[in-house]
Amino acid sequence: MGPISLLTTMPEWVNLLIAFLIGTGFGFALEQAGFSSSRKLAGMFYGYDTTVLKVFFTAAIVALVGSQFLSYFGYLNLQLVYVNPYYVWAALVGGVIMGAGFIMGGFCPGTGISALSIGKIDALFFLVGGLTGAFLFAETYPFIQNLANSHYKGPVRIDEWMNLSPGMFTLILILIAVFLFWIAEKAEKKFKRPEISNEI
Amino acid sequence: MNPYLAGIMLGLVLLSAMFFSGRGLGASGGLKYAVVATVEAIHPQHVRESQYYSKYFENGEHPLTNWLALEVLGMFLGGFLSGAFSGRLTFKIEKSPKISNSKRLLFAFLGGVFFVYGAQLARGCTSGAALSGMAVLSVAGFLTMIYIFGSAFLFSWFFRKLWI
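From first to last, the protein sequence lines stand for chains C and L.
Those letters in the first sequence? Residues 1 to 200, per our numbering, in order.
Those letters in the second sequence? Residues 1 to 164, per our numbering, in order.
Hints are computed from structural coordinates only; laboratory data are not their basis.
Just so we're clear, the structure is a prediction, and the values are computed from it rather than from any experiment.
Hints are not guaranteed to be accurate.
As the list claims (entries may be wrong) - With a straight-line cut-off of 25 Å between C-alpha atoms, the simulated DSS-like cross-links for lysine-lysine are:
| no. | chain 1 | residue 1 | chain 2 | residue 2 |
| --- | --- | --- | --- | --- |
| 1 | L | K161 | C | K189 |
| 2 | L | K55 | C | K153 |
| 3 | L | K98 | C | K189 |
| 4 | L | K161 | C | K190 |
For reference, chain C alone in the conformation it holds in the complex:
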């Protein structure tokens, strides 16, 4: 029964080896998705390439449905899986800053790592910027810790918040995703641009 590392005793090095292997799979999947290309990623925001939306929602739904099935058949205790805490203002302000960084740099941290691993120099600059951003955050923390910690709501779950069962919410999310995929396919036709795959 999972989560394995929480329910069995294992040496720390095994836990870290698992982390390394999962990271290897993560890096492989991101690169295969085409996320090592900033122009492909930025296409999301101009409509000419919506790979981001398709990969992102498909992945979230696979993990969501898979974990609920594992839980239903008794293979995974979902109570023990980490649920992100909700800080009202930190999520909003942080999210808006991240979006600005996304459109300037063309990467998010994970896709930047993916691009650097195949040799993209612009991704190296993005990640050096990322390290600088993490350093700036650490040094400015005393000034923004009130914002970072205000309006803490705990690890709230959206199905409980909307008073739905997890299965019902998942079904609604799948319907929303299918609708978004349909829009995405339309957008790619409407905002089609000259083939750039030989440039990326």
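Given chain C, put chain L in place with the hints provided.
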């Protein structure tokens, strides 16, 4: 690779992180740990006196031997293997033909500063907060996803010359 197929693969990786380790994926956290470890190596006194840095060394812990740091290290190997597999390993600056290399690199750097600063504030980036958060139905995950993509759409007009 077909994006829906790549999404299934990514979803299965995320599911295995939940099953084996009881947590989701992450990326910006790995960068934070690299910074914390570097600052400690250069200026240990600053780390001891800082409320922010010192918490990463409590109970004999070290920021480079934790789950997320090793996961991010693995990402480089996985990306490299995928690039080798698909014949995409080359050193290059990818950019729109309409802008100069230095402009691309400057905005890539600035984008990195903004993104990871925001990710520290929001306690996770597209991977750790948005994707992993959505997979465990967390409100924070769904909202962070909407905020990141919404904000990028809003700002996209100002930066259109970089891309189209």
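Do the hints match the structure? See the list:
1. K161/L x K189/C: Within the cut-off at roughly 21 Å; holds.
2. K55/L x K153/C: holds, 22 Å
3. K98/L x K189/C: holds, 23 Å
4. K161/L x K190/C: holds, 19 Å
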